[in-house]
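Given only the sequences and the hints, what does the whole structure look like? Please build it.
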Amino acid sequence: MEEQKLFTVSASPHTKSPVTVQGIMLDVIIALIPAGIAGVGIFGLRALAVIAVCVASCVGFEALFVKLLKKPMSIGDLSAVITGLLLAYNLPVEIPLWMCVIGSFVAIVIVKQLFGGIGQNFANPAITARIVLLVSFASAMTNFTAPKVLDAVSTATPLATLGAIDRAGDIGSQMMAGGLPSLTAMVFGVRAGCIGETCAVALLLGCCWLLVRRVISPIIPLSYIGTVAVLMLLFSHFDLYYTAYELLSGGLLLGAVFMATDYSTSPINKKGKLVFGIGCGVLTTVIRLFCSLPEGVSYSILLMNVLCPLIEKVTAPKYFGFVKKKKEKKAKEGAA
Amino acid sequence: MGSNRPDAILKAVKKGRGGVFVSHHKLTADMETVRMPAPERVVLPMLQHIGAPCTPTVKKGDTVAVGQVIGDSDKFLSVPIHASVSGTVESVADVKLANGTMAPAVTIVSDGEMRLCEDLTPPVVKNKEDLVKAVRASGLVGLGGAGFPSFVKLTVSPEKPIDTLVVNAAECEPYITVDYRECLENSWNILNGVYLLAELLELKRVVIAVEDNKPEAIKVLKNIADQDIDRGNVVRLMTLKSRYPQGAEKMMVLSATGREVPAGGLPADVGCIVMNVGSVAFVNRYITTGKPLVSRSVTVSGDCIKNPMNLRVPIGTSMQDIVDYCGGFVKEPAKILSGGPMMGTAITDLNVPLLKSNNAVLAFSKKAAGFKKETPCIHCGRCHAACPMGLIPTDIEKYALLKDADTLNKLGTMVCMECGSCAYSCPGGKPLVQYMRLAKSVVREAAKK
Ligand code: SF4
Ligand code: SF4
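Quick note, the sequences are listed as chains A and B, same order.
Going by my numbering, the final residue of the first sequence carries number 374, and the count climbs one at a time with no gaps.
Going by my numbering, the final residue of the second sequence carries number 564, and the count climbs one at a time with no gaps.
If you're looking for bench data, these hints aren't it; they were derived computationally from the structure.
Where hints are given, some of them may not hold.
With a straight-line cut-off of 25 Å between C-alpha atoms, the simulated DSS-like cross-links for lysine-lysine are [stated by the list, open to error]:
1) B:K525 x A:K351
2) B:K275 x B:K248
3) B:K487 x A:K54
4) B:K545 x A:K108
Dropping the structure here:
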């Protein structure tokens, strides 16, 4: 037989969608940019330094780790950049930079890589790192300064002030007395808080980008924020102003849009996503209202991350043609 | 004056979930089907359908004519094979098929005359039983790709009465245009085939399904649906949003009737028959002329083919002859497919015969074939969102590698139709269909024990 050049064989399909992992991650980075710009605008150039250190050390740790373990180089998928950004956005602007490096180490090496790298971690790296930092360096992590545009003094976050409010009394006058920023200031993020969490406009802009590019499904953000809104309404006896305030304060928007939607740590199917979002919402509300901690977003997401496999199991979708099988079973039972 | 029944056009009763948008690349849509002259020789494998292989009924040196039976089987699940050219039997031996398996085959050297076999007469078809017999004798298998013997579909058992025929003209695979051309060029046979089947099978409804991106075909098919006002008023045209895999059997049944075929079941379980539009036209042609399935239409396309076109080719013609007839390659192809890009089979070389169920020969360069590097799963859920069967391919992959047949069963592994939507949409380029096949084999192995 004459020699013949063979064509490539592989399993079908023989065409692939143009969406790549790198493309998805790039979209997330784009979506995170407005919040970063807002953070630097509100808190000054030091915010940029924090962001830079976090991103650089996350990427650095990832590169180092996969090099050491001789795994294929994975920083090209850009996921480490996102972890860095998210970590920075969850830190107060005055945090010592070496703590950023420690946070990055926890996020990339301990939470992500030790569990097998991208897609394998069961908890969100940035959130876990934040909580580790929060537990280890409580004072540095809660040293919030007022926005540069006002004057840079240490101050309580609106959420902390809110936490002191007696919800049975007249909420409105108490909020006045607490010296809280105006609702407009909250919408634009001119308030004390972490670097990337304050500017609602920027976060929602990013959210729109993710939805338009179909990177995330709206289920988790909507059910998360919706649950918090409904519960807060109930608790405040339908005080709209207060509820709006709750939604805009703390890291709720940042968490609901960018962290609770993290692929590896949230359920794949629609029903699971809904349960996950509602669960996050309930936990956040409970922590904010009944625990001494003012900020519940990170803890709630982390807790739901841990529950994710269970949720996926319980909400497993019915596959096509499944209905009939059930009926058959019933019929069999009926006959027996 | 075309009648304007407002209800002649249906919308899908129920929309299936999942699916993906795939670019169409229907390069050959406007090209009239060209009849390819008889090749020098044809190779006719004895297994061109799902089921039992045929036994050759001719031997080396025999003279055969077009349409003459050269292989048959007494097993139920089989259809006869007919000579597709006239000439002399050169050999009866094993050959390699497109999917890599070996099968016995009859090779015929053409005398170039395409002399029709004299015994061919139109069958007398008066009732269901005649129809089933005739369709078996015609050698028809589903022309849409699966190769399931058509007569089996038409065999209606009393426990499972059939009320609906879905004529599939959706053609959701990219590149392929044979069904579309069939609609435009062969509407007379489709029309009569539809009535014939509706009458003999006493159907309550015939739904002709087509994707809404084919206005020309819709025009023709609408005429067909309009014609039947005085013949029982059973035919409807259904336009579907173009989305892959709209044309899959179970999807068709769901869109046309809202019924969900149970896992492990067939359309017949919910009172439906799904037939490809080309098959319907062929049934009518066979019943009027008596000429069995000896040729078929194929789309020859892809970025490496010099002159992409729709061809009418004698069955058993080698892929090499087909490509040569279309002017050969303009650039080095990386992949040759028999069938469409989503479900077709990649073949190693062109020296394989065209089978009854092959609807396309596609040649792609490396760029067009969409090679993607495989990277780890990021748990993004795109595969699950794309799966029309509602499966979670990434989970199934995991349990397939663990060889956990029980869990795989619970996850519904066996309803996977290997449509490829999951692998198409995976950003990590994972060969999910390969894993699905592995998972199915794990389940089958376990069932055997
Ligand atoms: S190939 Fe199977 S698992 Fe993948 S989308 Fe199609 S039916 Fe679903
Ligand atoms: S589409 Fe690919 S990357 Fe996404 S969950 Fe499925 S297998 Fe994983």
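For each hint, the structure was consulted:
{"no.": "1", "hint": "B:K525 x A:K351", "in the structure": "holds, 11 Å"}
{"no.": "2", "hint": "B:K275 x B:K248", "in the structure": "holds, 19 Å"}
{"no.": "3", "hint": "B:K487 x A:K54", "in the structure": "holds, 7 Å"}
{"no.": "4", "hint": "B:K545 x A:K108", "in the structure": "holds, 22 Å"}
Of the numbered hints given earlier, the model fails none.
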